[in-house]
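Asks: Chain residues, written in single-letter form:
There are 2 protein chains.
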Amino acid sequence: MSTVSAYAASDKTGHLTKTTIERREPGPHDVAIDIKFVGICHSDIHTVKAEWGTPNYPLVPGHEIAGVVTAVGAEVSKHKVGDHVGVGCMVNSCGHCSSCTAGLEQYCKNGATFTYNATDKDGTITQGGYSQAVVVDENFVVQIPDSLPLDKAAPLLCAGITLFSPLRHWQAGADTRLAIIGLGGLGHMGVKLGAAMGADVTVLSQSLKKMEDGLRLGAKHYYATADRDTFKKLRSSFDLILNTVSANLNLGAYLNLLDVDGTLVELGIPEHPMEVPAFPLALARRSLSGSNIGGIAETQEMLNFCAEHDVTPEIEVIAADYVNEAYERVLASDVRYRFVIDTSTI
Amino acid sequence: MSTVSAYAASDKTGHLTKTTIERREPGPHDVAIDIKFVGICHSDIHTVKAEWGTPNYPLVPGHEIAGVVTAVGAEVSKHKVGDHVGVGCMVNSCGHCSSCTAGLEQYCKNGATFTYNATDKDGTITQGGYSQAVVVDENFVVQIPDSLPLDKAAPLLCAGITLFSPLRHWQAGADTRLAIIGLGGLGHMGVKLGAAMGADVTVLSQSLKKMEDGLRLGAKHYYATADRDTFKKLRSSFDLILNTVSANLNLGAYLNLLDVDGTLVELGIPEHPMEVPAFPLALARRSLSGSNIGGIAETQEMLNFCAEHDVTPEIEVIAADYVNEAYERVLASDVRYRFVIDTSTI
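Chains as they are written, first to last, in the UniProt record's numbering: chain A, 1 to 346; chain B, 1 to 346.
Be careful, since some hints might not be right.
One copy or two, either will do: identical chains are not told apart, so a pair holds if it fits within one copy or between any two.
Claimed, not checked - List time: in silico BS3-like cross-link candidates among lysine-lysine, alpha-carbon distance up to 25 Å:
id, residue 1, residue 2
1, K80, K121
2, K232, K220
3, K109, K232
4, K109, K233
No wet-lab data here; the hints were simulated from the structure. Bear in mind the structure is a predicted one, so any value in this text is a computation, not a measurement.
All chains, full assembly: derive it from the sequences and hints.
Replies: If you want it as structure tokens, here you go:
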């Protein structure tokens with residue numbers, strides 16, 4: 001066991017304070033990682049504030065982890081000391097169900113082990129990346145290509161794969177008319193990744209405030225959803241819509257923006273059930289779908305894709321003692337577009 | 001113009017009375033049809049009772065039409081006098097939009113012309129098949145194979161194609177774990193068609209009352225949804241679920257019955273928006289989709305498939321003056337499984 005510094009929440013105020021946690025000694029299949037940077041994801045905030053159920057306190061959030069390997073177990077073959085590596089939302093899964101064997105560990109039938117607030121194989125509660133180090137099974141560690149700086153790589157481990165996976169699954173490419181709802185941490189990755197795949201990208205944002213950014217990041221079109229004409233003008237004009245907004249929207253209006261056989265994918269999970277009228281689905285064979293992060297092999301493919309196409313998030317690097325203020329700014333949508341904690345300051 | 005007997009509703013009570021309507025002289029591309037049988041679809045009842053908006057009264061419903069050709073226009077090449085033919089939910093579409101050119105006339109961008117309560121090309125309001133004769137553009141008339149009796153063929157034109165099209169689109173076959181929600185007019189066709197395609201068919205019905213029927217029609221499994229254990233037992237066990245129930249269900253519970261990448265297709269359109277929780281979609285990349293009848297070529301394919309596989313609906317043939325009582329019985333789910341009006345009694 002080793003003791004490392006971390007930032008943890010102790011109750012549902014979600015306020016984070018500095019503390020220490022224990023990390024296990026690396027087992028034969030484990031990789032020990034010196035965490036360099038960790039991204040702040042909206043899920044971290046939902047979880048520590050008990051908005052998705054009461055978590056196990058004290059809880060260290062963080063599942064956008066980028067660092068350097070400091071030790072490996074005797075059986076480890078995929079990583080070596082000094083490698084730049086990443087850990088995302090999962091640190092384990094059953095490995096033998098139909099999802100795991102298909103490379104869809106995120107949909108493990110026996111429940112993937114999430115990076116924080118989950119029960120690990122040894123019975124302990126997992127603690128996330130707002131800390132100086134972590135020990136993870138080698139199969140849940142991915143290689144970060146050298147051309148990607150670690151601070152910018154961190155948000156790819158959740159925000160990046162969350163957008164990359166549905167873009168691949170629903171086959172976004174040169175013929176795809178793609179809309180991204182919301183230009184935040186997730187949405188701005190959707191714009192960049194979609195554009196890199198060759199799609200014709202439209203941003204649907206509440207206002208035109210971030211329009212200049214959106215076009216610079218790769219969108220060809222930008223519309224304000226507060227303007228009701230947007231919904232008339234864009235009717236039946238998209239093949240794929242990725243919704244990154246977790247507030248409940250008027251989904252019927254957005255579904256009508258899909259062409260025949262189009263799909264709207266929910267990525268920002270709203271707290272309350274969505275109200276979905278049946279006619280917009282039936283009258284053009286449209287689909288409302290969900291997607292959750294991506295598999296491990298697909299996460300590696302995403303990192304390689306980002307290195308090859310020079311796709312990285314827009315980030316604001318902060319010191320750890322700024323994290324509570326950063327949370328407030330995330331909730332106020334006042335970040336362009338992802339906070340990343342420099343963990344040397346923890 | 002010719003005057004023919006028909007049954008029409010005059011107000012939103014939906015009560016049908018005998019009347020006469022005018023049919024146009026066949027134009028060069030038209031087919032005149034002596035209607036022999038017409039099925040009673042739940043949509044007829046929704047429409048005449050103004051549950052989907054106030055229709056144009058007086059209104060003759062009926063879009064499951066089977067009959068014999070009595071005359072054809074000079075340019076007609078697809079049908080000839082004496083042919084057994086059918087007409088379903090559409091009698092026209094624009095013919096040039098991306099949907100029409102793809103054989104998806106039901107999703108015509110300019111709005112397909114429905115068989116009743118729609119504005120026809122000549123500005124008149126279309127009147128349906130609860131009548132002795134109808135005149136329809138040849139492209140919206142399909143051939144009924146000789147081996148299908150006309151009374152049993154009638155319901156295939158709506159109930160049949162409504163199930164056949166999604167089964168084909170979502171590729172139901174020998175590997176498909178298929179569930180049908182509701183064993184009514186639509187549902188019983190889903191069981192028969194799904195079984196004929198080789199799928200492993202499960203019926204999900206409120207109770208086990210119709211279990212014997214369901215198994216006889218081709219289902220391998222039958223569960224009562226009033227039993228909460230059903231939802232535990234069947235979790236993640238279907239690839240495709242077709243929902244034929246138009247009442248609002250607890251969709252989250254049904255979505256959880258889908259395996260990873262499974263799809264639940266809404267066929268019975270509920271009046272109120274559906275409440276859809278996001279987690280069941282996200283946690284297994286499930287989809288909620290809609291589908292509406294099928295294209296004309298696909299309708300012909302369905303009739304040929306039914307002839308080849310000896311798939312026909314279970315029907316109760318009635319005289320026209322029983323129609324109002326039949327409506328009451330449809331609303332009480334007291335029909336096994338489709339009423340068909342013998343139009344010689346109109």
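Asks: Now, for every hint given, state plainly whether the structure supports it.
Replies: Consistency of the hints with the structure:
For a Cα distance limit of 25 Å, the shortest separation of K80 from K121 inside one copy, 23 Å, qualifies, whereas the shortest one across copies, 73 Å, does not. Only within a single protomer do K232 and K220 lie at most 25 Å apart by alpha-carbon distance; the minimum there is 19 Å, versus 47 Å between protomers. Taking CA atoms no more than 25 Å apart as the test, K109 paired with K232 passes between copies only; the shortest distance there is 14 Å, against 42 Å inside one copy. When the C-alpha separation of K109 and K233 is checked against a cutoff of 25 Å, the pair qualifies only between copies, where the shortest distance is 14 Å, while the shortest distance within a copy is 42 Å.
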